[in-house]
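Using the sequences and the hints, build the whole thing.
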Amino acid sequence: MSSSAPGEDAPGESGASPGGEGADPPRALVAGHGDFAQGIISAVSQIGGRVGAFVGMSNAGMGAAEITDAMRSHLDESGIGVIFTDLPAGSMTIAARRLLRERPGLVVVTGANLATLLDFAFHAHLAPSAAAQHAAEKGRASLTVAGGQGAAGGEGAGGG
Amino acid sequence: MAVELYRIDDRLIHGQVVVGWGQPLDIGFIVLVDDEVAGSDWEQELYRMGVPPGMDVYFATVQEAAAAHARYAADPRHGIVLTGDIETMCRLAAAVPSIRAVNLGGIHHRPGRTQRLRYVFLSPAEERALRDLAARGLAVSAQDVPAARPVPLADVLAGRGDA
Numbered sequence: 006m007s008s009s010a011p012g013e014d015a016p017g018e019s020g021a022s023p024g025g026e027g028a029d030p031p032r033a034l035v036a037g038h039g040d041f042a043q044g045i046i047s048a049v050s051q052i053g054g055r056v057g058a059f060v061g062m063s064n065a066g067m068g069a070a071e072i073t074d075a076m077r078s079h080l081d082e083s084g085i086g087v088i089f090t091d092l093p094a095g096s097m098t099i100a101a102r103r104l105l106r107e108r109p110g111l112v113v114v115t116g117a118n119l120a121t122l123l124d125f126a127f128h129a130h131l132a133p134s135a136a137a138q139h140a141a142e143k144g145r146a147s148l149t150v151a152g153g154q155g156a157a158g159g160e161g162a163g164g165g
Numbered sequence: 534m535a536v537e538l539y540r541i542d543d544r545l546i547h548g549q550v551v552v553g554w555g556q557p558l559d560i561g562f563i564v565l566v567d568d569e570v571a572g573s574d575w576e577q578e579l580y581r582m583g584v585p586p587g588m589d590v591y592f593a594t595v596q597e598a599a600a601a602h603a604r605y606a607a608d609p610r611h612g613i614v615l616t617g618d619i620e621t622m623c624r625l626a627a628a629v630p631s632i633r634a635v636n637l638g639g640i641h642h643r644p645g646r647t648q649r650l651r652y653v654f655l656s657p658a659e660e661r662a663l664r665d666l667a668a669r670g671l672a673v674s675a676q677d678v679p680a681a682r683p684v685p686l687a688d689v690l691a692g693r694g695d696a
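Chains A and B, in that order, give the protein sequences.
To convert, count from 1 in the first sequence and add 5; that's the working numbering.
To convert, count from 1 in the second sequence and add 533; that's the working numbering.
Mixed in with the good hints there might be a few duds.
Stated by the list, open to error - Subject to a maximum C-alpha distance of 25 Å in a straight line, what follows is the list of computed SDA-like cross-link-like pairs (lysine to any residue):
#1 A:K143 with B:M582
#2 A:K143 with B:P586
#3 A:K143 with B:P585
#4 A:K143 with A:T115
#5 A:K143 with A:G110
Claimed, not checked - Estimated spans, in silico, between C-beta atoms of each pair:
#6 A:S134 with B:R669: 47 to 57 Å
#7 A:G44 with B:T647: 24 to 34 Å
#8 A:G84 with B:P683: 42 to 52 Å
Just so you know, these hints were derived from the structure itself, not from any lab.
Glycine included, C-beta positions come from ideal geometry on N, C-alpha and C.
What follows is the structure, encoded as structure tokens:
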């Protein structure tokens with residue numbers, strides 16, 4: 006488990022409640038800045054009721070080595086084979102990529118959003134790597150821009 | 534002056550650096566000064582993947598960074614010079630007298646360190662090193678992101694700074 010630095014935001018796991026009836030063992034780690042993991046897992050639960058698919062962790066209060074150690078502990082303890090991170094350039098992503106070197110079967114998805122995690126949660130019948138690939142495509146497709154054609158300077162025009 | 538920030542951050546290249554500082558300062562390049570990373574292609578590739586298109590990252594030992602500093606300073610783009618620990622920044626500052634300010638961006642909990650700010654933990658030796666930098670005329674302050682108030686070293690060491 007991740008350690009807590011004194012006086013800082015509580016790092017470590019967040020939001021991975023058992024999920025109640027029919028709860029499945031966690032299949033993925035959601036790793037993000039601040040309360041990202043806790044918040045997005047809560048949103049998955051509200052929409053899909055499948056919060057048990059995920060374990061969350063925050064990087065709050067941790068240096069790079071601690072983040073990697075905490076992430077490794079989560080994987081060891083749960084057998085999780087997929088990590089979703091929030092920011093491609095973030096410290097969580099760097100740590101996850103480090104673990105990729107140790108664990109060739111690990112799958113890392115960066116830039117995860119709610120559509121990504123919902124799709125993953127609802128594809129529990131797929132192998133984790135296939136579900137992660139499917140979820141990444143869903144998350145990418147969920148990003149759209151609407152409106153803005155009348156804005157000064159024309160930004161957003163033709164944005165699809 | 535092309536180098537906008539000399540930052541100590543044990544996470545090295547990460548969101549606060551690339552996005553938090555990188556966007557408002559319009560950063561075009563990062564110099565990651567770390568003897569270990571400079572000697573590892575794999576580590577370099579890891580950090581290179583964290584940098585968005587259009588932003589260059591250069592890897593250098595302290596000696597290499599000191600030798601190339603004039604080139605960084607003459608670069609028409611804005612840049613950040615980044616070290617992962619205080620000791621490395623002190624060595625760089627000793628070799629490059631034109632460095633006049635150092636930013637404490639993230640020095641996290643580790644055995645032997647005492648918390649000074651939410652994101653700054655220091656050992657007695659690290660505190661002495663920072664005092665030495667300040668005694669040589671460098672402005673040392675802590676500021677994790679641009680929107681935060683810079684906390685002068687005296688306040689950092691006194692534990693005054695987190696609102």
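Find the hints from earlier in the document that the structure breaks and name them by number, from lowest to highest. No hint contradicted; all consistent.
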